[in-house]
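Chemist: So the protein lines, in turn, are chains D and W.
To get this note's numbering, take the position in the first sequence, counting from 1, and add 1374.
For the second sequence, position 95 (counting from the first letter as 1) is numbered 94 according to this note's numbering, and the numbering increases by one without interruption.
Derived from the structure by calculation, the hints contain no laboratory data.
Because the structure is a prediction, the values reported are computed rather than measured.
Every residue, glycine too, gets a C-beta built ideally from N, C-alpha and C.
Any given hint could be a false lead.
[Stated by the list, open to error] With the C-beta cut set under 8 angstroms, the calculated list includes, among others, these residues of chain W facing chain D:
| hint | residue |
| --- | --- |
| 1 | PRO29 |
| 2 | LEU32 |
| 3 | ALA35 |
| 4 | GLY39 |
| 5 | LEU51 |
[Said to hold, decoys possible] Some, not all, of what chain W presents toward chain D, calculated at C-beta under 10 angstroms:
| hint | residue |
| --- | --- |
| 6 | LEU28 |
| 7 | GLY30 |
| 8 | GLN31 |
| 9 | ALA33 |
| 10 | PHE43 |
| 11 | ALA46 |
| 12 | GLN49 |
| 13 | GLY50 |
| 14 | LEU52 |
| 15 | ALA54 |
| 16 | GLY59 |
Below are the chains, spelled out letter by letter.
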Amino acid sequence: MNITRRHLLKMGAMAGVGLALPLGTLSVPVGRLGASALVRSPRVEPFTVPLPIPPVARPVHSHGGADHYEITQRVARQEILPGLKTEVWGYDGIFPGPTIEARRGRQAVIRQTNELPVPVSVHLHGGKTPPGSDGYPTDLILPNGPGGSQTAHPHGGHAPGGAGHRGHREYRYPNEHRAAALWYHDHRMDFTGPQVYRGLAGMYVLGDEVEDGLPLPKGGKDVPLMICDRTFGEDGSFYYPSLDPTLQEEPGVLAHAANGMLGDTILVNGAPWPQLEVSNTMHRFRILNASNARSYDLVLDPPPPGGRPFVQVGSDGGLLEAPIPHTSIVAAPAERFDVVVDFSRYPVGTKVTLRNLRGEGRTSDVMRFVVARGKKEEASVPERLAPDLDFPDPDDVEVTRRFRFIAGVGGGMSAINGEVFDPGRIDARPRLGSTEIWEISADPSHPFHMHLVHFKVLSRDDGPPGPYDAGWKDTVSLEGGSVRVAARFEGWRGKYVFHCHNLEHEDMMMMANFEVI
Amino acid sequence: MGTEVYDRNPRRLAAVLAFVSQGIHLWVLPGQLAAAMVPGIFFFLVAVGQGLLGASLLFGGGRWTARFGVLFNVFVVLVWLFTRAVSIPQLFEPIKLPVEGLGAAATFVEVALVVSLMRPGRSLRRKKRLDRA
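Only chain D is shown next, with the shape it has when bound in the complex (with noise of 0.2 angstroms):
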């Protein structure tokens, strides 16, 4: 065969507009994927950095059986990594933001003003709570400067709907329920993930007479320690891989994070892998697993003599009936487990570090606790710990719902039942004072959250409670496999989410509405 020019140029032709072209196209998308998941953050020497406790909001008022609390959402700088300013933004500017100490029986009302640039809704996580104060997605508090409408782009095409607040409104907390770790979070529609790891999460810890009346370890020793993970650039800006990271138009994450986005620092209260001075006495500590995406299974290394140092007191809805010795936690995104820990089984001057064995690398550790002194034991963990839970009789199940959660593949949309989340759908709609079995599967592993109500684990893939299922709860984690829930629907009637609490799948569209009627 000859080659002619017209060959040549054929040839040409094909391989400059059929392959150069497109690979060409190629390469900015595949450059930006690749330049995001190659970030690392600045190199921090681990167990440097005292553990920060939180400030706690004080009331600007008091009556009528209510706290009210002022919390203005602004940005701010602070310092999470030595030397390096990071911009948060924050419960008044703060990151993790200020501790609500509750107490049963006295309503809360919290006055959120939005300073930011961004609309923003606040949930009270494990609150069970009128439906007008429960933070839905679309319920939103439009800034008052320009920009932030409530107008972005939403995943599948579905309208914004909701309330717009602009600029503030009151959330009102009944905190009829029992004592418990709680935290508030940002639940913004397809921003909740961008949002909270930009610093929108905090501490409301309810407390009550039961627990009051118990010798668990209190003041000093009853430790919150939120724990989470960030990635951080080079001038110590969180980092994370937004399509759009003035977080105003399109929704979602570059693809690599689709599955969640996983940080490269630990930290705890905010914190990078900080270090807590303890008396070899018991202490409290209120883990709360706050991660977008990162699961922990917590040891202590070294172990204590005789093994199992956790001693798991409450879970996500408040205390247990009974103490349950653990050797490990192991807490997906949005778990909390009440632990108490006794280092008078270390002898001073020892260093215990809390690992987190699912870490690689610099993940695998979380924080160092050194036992710098002796002290006289003042608390103990008592044999009873709360009266009769009162879980739901299976005998008064009137429905049993199903629900199949499956991950979205390279940045696919997430889905419960093969639906992306819409606000004008309802998927339940349970009597108010009914109760209701929840069979949730999971492909591959999922946080099921569900707002106002806790529920209990009645079976996992088809056998019993896991270790970390005990208690009430209002997050359980699924690693692939089945979970049976009974829930209890009371309170109030309305609209409701109950969604994968992995952020970027519950941005993704994982999420559905339930009412209560």
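With chain D fixed as given, assemble chain W onto it according to the hints.
Modeler: Just chain W, lined up with the frame of chain D:
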């Protein structure tokens, strides 16, 4: 040239349509691939296919080029229709994709491309029958 079987004008029209379809897919490719791998890779492959088709047609595509062009574009149109009729949110973002302007325009171009590739083929067969007679 033995493989050059079409009249020049329909062939050039088909080449232009292939390049238009390629351009649309290249336009949306960076955003799609960054957000969602499966549609992004699909758009890349469509852009490659349309570019090769257009270049080949411009320089005298033969019968096999036409057959490839018809089958390829029918496949692309069917994928577009399928992803708007069937809910597979885990793969195709977003669920039941809305008939967005660019997608509809690309589909219109691809249907026109199929028609433009089939018409010369029919005229060629008619011409051959007449020649044999």
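Chemist: Against this structure, judge whether each hint is valid.
Modeler: Checked hints:
1. PRO29: 5 angstroms, holds
2. LEU32: 4 angstroms, holds
3. ALA35: 3 angstroms, holds
4. GLY39: 7 angstroms, holds
5. LEU51: Holds, because the Cβ-Cβ distance from LEU51/W to chain D comes to roughly 4 angstroms (cut-off 8 angstroms).
6. LEU28: 5 angstroms, holds
7. GLY30: At about 8 angstroms, which falls below the 10 angstroms cut-off, the nearest Cβ of chain D leaves the hint on GLY30/W intact, so it holds.
8. GLN31: 8 angstroms, holds
9. ALA33: Since chain D brings a Cβ to about 4 angstroms from ALA33/W, closer than 10 angstroms, the hint holds.
10. PHE43: Check passed: Cβ of PHE43/W comes within 6 angstroms of chain D, closer than 10 angstroms.
11. ALA46: 4 angstroms, holds
12. GLN49: Because about 8 angstroms separates GLN49/W from the closest Cβ in chain D, which is inside the 10 angstroms limit, the hint holds.
13. GLY50: GLY50/W check passes; min Cβ-Cβ to chain D is 4 angstroms, inside 10 angstroms.
14. LEU52: 8 angstroms, holds
15. ALA54: Status holds, d = 4 angstroms.
16. GLY59: 7 angstroms, holds
In this structure, none of the earlier numbered hints is contradicted; all agree with it.
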